[in-house]
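Trainee: Start from the sequences and build out the full structure, keeping to the hints where you can.
Note that the protein sequences, when read in sequence, are chains E and A. Everything in the first sequence is counted per this note's numbering, starting at 29 for the first residue and increasing by one. Everything in the second sequence is counted per this note's numbering, starting at 29 for the first residue and increasing by one.
Careful, some of the hints might be misleading.
Copies of the same chain look alike in the list, so a pair counts if it works inside one copy or between any two.
As the list claims (entries may be wrong) - Only pairs whose alpha carbons sit at most 27 Å apart, straight line, appear in this in silico DSS-like list of lysine-lysine:
id, residue 1, residue 2
1, Lys72, Lys48
2, Lys148, Lys104
3, Lys48, Lys149
4, Lys72, Lys89
5, Lys104, Lys67
6, Lys67, Lys105
7, Lys145, Lys104
8, Lys105, Lys72
9, Lys72, Lys104
10, Lys156, Lys89
11, Lys156, Lys48
12, Lys145, Lys105
13, Lys163, Lys48
Worth flagging that the hints you see were computed from the coordinates, not collected in a lab. For clarity, every value in this text was computed on a predicted model and none was experimentally measured.
Number of protein chains: 2
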Amino acid sequence: MRILAIDPGYERLGIAILEKTQSTKETIVYSDCFHTSIKESHPKRLNLIAQEVVRIIEEYKPTALAIETLFFSANKKTALLVAEARGALLATCVQSGLQVFEYSPAHIKIAVTGYGKSDKKQVVFMVKKLTRFEKDALDDEYDAIAIGLTLFATERFLFL
Amino acid sequence: MRILAIDPGYERLGIAILEKTQSTKETIVYSDCFHTSIKESHPKRLNLIAQEVVRIIEEYKPTALAIETLFFSANKKTALLVAEARGALLATCVQSGLQVFEYSPAHIKIAVTGYGKSDKKQVVFMVKKLTRFEKDALDDEYDAIAIGLTLFATERFLFL
Numbered sequence: 029m030r031i032l033a034i035d036p037g038y039e040r041l042g043i044a045i046l047e048k049t050q051s052t053k054e055t056i057v058y059s060d061c062f063h064t065s066i067k068e069s070h071p072k073r074l075n076l077i078a079q080e081v082v083r084i085i086e087e088y089k090p091t092a093l094a095i096e097t098l099f100f101s102a103n104k105k106t107a108l109l110v111a112e113a114r115g116a117l118l119a120t121c122v123q124s125g126l127q128v129f130e131y132s133p134a135h136i137k138i139a140v141t142g143y144g145k146s147d148k149k150q151v152v153f154m155v156k157k158l159t160r161f162e163k164d165a166l167d168d169e170y171d172a173i174a175i176g177l178t179l180f181a182t183e184r185f186l187f188l
Numbered sequence: 029m030r031i032l033a034i035d036p037g038y039e040r041l042g043i044a045i046l047e048k049t050q051s052t053k054e055t056i057v058y059s060d061c062f063h064t065s066i067k068e069s070h071p072k073r074l075n076l077i078a079q080e081v082v083r084i085i086e087e088y089k090p091t092a093l094a095i096e097t098l099f100f101s102a103n104k105k106t107a108l109l110v111a112e113a114r115g116a117l118l119a120t121c122v123q124s125g126l127q128v129f130e131y132s133p134a135h136i137k138i139a140v141t142g143y144g145k146s147d148k149k150q151v152v153f154m155v156k157k158l159t160r161f162e163k164d165a166l167d168d169e170y171d172a173i174a175i176g177l178t179l180f181a182t183e184r185f186l187f188l
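Mentor: Next up, the structure:
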């Protein structure tokens, strides 16, 4: 099973393609942190992230999307802008035929580190451990991989 | 000039196509309130509204989008879901080549009724007055038309 995993954002978008079969461990097929320029309008940035995801779906042909749900942060304006990014990505992925799986930040932390309140560093440490991924990447990219690992850890019925 | 006007939502989406030339008044070419079923998943509903807007853009070929900005309501969860709908719609409209114009609720009320704190009833009354639109429609449809009228009232340089 090949999946697309996304840490949603409009400025930095963590994207990963992960693969797992009944008999093999999780493999990272692709991962990146996609950036959009602050010089672009917000609607244009939403379009750019949607276009990038379409490009990756067409190249790697995943069948499911794993994406983080959004909770209210201290900065409400940022929360709304990230929600808009999530909306653009969800509509795009459904249009491309992907099945959507959404996980809360706590769920992702439990799945990857075993503890719902672990910090960013612990998530990165466990992603490296679990996947032998050693690229010097931004947190967004590690977060995307963590979200993908969460799908594999959670939807075990898919591998029965 | 032909524009698409949207009152964003994931359950009910107010949509209008309005037209205005340098010498003529605003005309409503099309308007509707598009519904999505609560039986569908949220990502699927985002996809359905995006698909509907693509269909209308292909049929009526507007060159600009007028859409309402979002402010935090009492219900934060609803605000995030509507933000996701806005995101899906913005990315879709940019992809279709539309220029995007965003207006706050207060701006729309001032443009249509002359008063930033007018209520729903006053907006509907003025939309009817200004456009001779007499269909027995839902508020969402009237709101979309009001947002379109706001673009024409605000972006006067487009008609110089």
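Trainee: Each hint should be assessed against the structure and marked as holding or not.
Mentor: Results for each hint:
In this assembly of identical chains, the alpha carbons of Lys72 and Lys48 lie at most 27 Å apart only when taken from different copies (26 Å versus 34 Å within one copy). For the homomeric pair Lys148 and Lys104, the shortest alpha-carbon distances inside one copy (21 Å) and between copies (26 Å) are both at most 27 Å. Within a single copy, Lys48 and Lys149 get their C-alpha atoms as close as 25 Å, which meets the 27 Å cut-off; across copies the closest is 56 Å, which misses it. In this assembly of identical chains, Lys72 and Lys89 lie within 27 Å of each other by CA distance both inside one copy and across copies; the values are 25 Å within and 19 Å between.
For a Cα distance limit of 27 Å, the shortest separation of Lys104 from Lys67 inside one copy, 22 Å, qualifies, whereas the shortest one across copies, 29 Å, does not. Proximity of Lys67 and Lys105 under a CA criterion of 27 Å is satisfied intra-copy only: 18 Å inside one chain copy versus 30 Å between copies. With identical chains, the CA atoms of Lys145 and Lys104 are at most 27 Å apart both within one copy (22 Å) and between copies (23 Å). In the homo-oligomer, the alpha carbons of Lys105 and Lys72 lie at most 27 Å apart both inside one protomer (18 Å) and across protomers (25 Å), since each shortest distance falls under that limit.
In the homo-oligomer, the alpha carbons of Lys72 and Lys104 lie at most 27 Å apart both inside one protomer (21 Å) and across protomers (25 Å), since each shortest distance falls under that limit. Taking CA atoms no more than 27 Å apart as the test, Lys156 paired with Lys89 passes inside one copy only; the shortest distance there is 25 Å, against 49 Å between copies. Taking the closest pair of Cα atoms, Lys156 and Lys48 come within 27 Å of each other only inside a single copy of the chain (17 Å); across copies the shortest separation is 58 Å, beyond that limit. For a Cα distance limit of 27 Å, the shortest separation of Lys145 from Lys105 qualifies both inside one copy, at 24 Å, and across copies, at 22 Å.
Taking the shortest alpha-carbon separations for Lys163 and Lys48, only the intra-copy value of 20 Å comes in at or below 27 Å, while the best inter-copy value is 55 Å.
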